[in-house]
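From first to last, the protein sequence lines are chains A and B. The opening residue of the first sequence carries number 1 in my numbering; numbering runs sequentially from there. The opening residue of the second sequence carries number 1 in my numbering; numbering runs sequentially from there.
Honestly, I wouldn't trust all of these hints.
Identical copies carry no separate label here, and so any pair may be met within one copy or between two of them.
Said to hold, decoys possible - Below are the DSBU-like pairs computed for lysine-lysine, each with C-alpha atoms no more than 35 Å apart in a straight line:
id, residue 1, residue 2
1, 108, 34
2, 84, 61
3, 43, 102
4, 108, 11
5, 108, 84
6, 115, 11
Quick caveat, the hints were computed from the structure, so don't treat them as lab data.
2 protein chains.
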Amino acid sequence: MDKVNLRKKFKLFDEHWVPKIVGELNGQYVKLVKVRGEFVWHKHDHEDELFLVVKGSLTIKLRDRDIELDEGEFYIVPQGIEHKPFVEEEAHVLMFEPKSTKHTGDVKSELTVDKQEWI
Amino acid sequence: MDKVNLRKKFKLFDEHWVPKIVGELNGQYVKLVKVRGEFVWHKHDHEDELFLVVKGSLTIKLRDRDIELDEGEFYIVPQGIEHKPFVEEEAHVLMFEPKSTKHTGDVKSELTVDKQEWI
């Protein structure tokens, strides 16, 4: 595998809420996602999920509080915890999670994407 | 766990080549390390290791080529591959690797640190 330049990778797609795989290690994927608006409430019963903001800002709504992330900040949503990403303006986010992680976890929604694409 | 601000975490230590743990998920650690000068040749027989440059630049020497990383670029060193990080000026690097990963892998050196510290 070659090195990955985050900025260049983000230029390769415009869709929102559809993570793209850019790396794989130890059974985990590194993914990039552009987000805007709100996602759906969901949880992953067996996977922790890391969100690192590369550009812009992101709110991760939990049932008991909101996590506000700015550029250069990350948060790990523990397995089993319901969460809902939300953002007013477009943000660029890097995610780390197991390869087994489903897009919208335990729920199906019109935003659900089953296929995982490498870029 | 609370959110993690990378810039603030890097202000908490000055040592070089001693990764600090800032997150844990799915049996993996997220670590931050300040690097300057050269590390030792080593490999990890069973762990892939990700290096993401947050500030500055980093060369990862492999036996057959050099990987040159600038800010916002990452590289995953596959398990079993000998590597030697090298940098002229101080750089700040985020690492992602299994909790089981040893600092200098299959070798012992004066740079080896066995204790892993959270910050």
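Status of each hint after checking the structure:
no.	hint	verdict
1	108 - 34	within (20 Å within a copy, 42 Å between copies)
2	84 - 61	within (5 Å within a copy, 41 Å between copies)
3	43 - 102	both (9 Å within a copy, 32 Å between copies)
4	108 - 11	within (28 Å within a copy, 42 Å between copies)
5	108 - 84	within (14 Å within a copy, 45 Å between copies)
6	115 - 11	within (20 Å within a copy, 40 Å between copies)
Every hint, counting from the list given before, is met by this structure.
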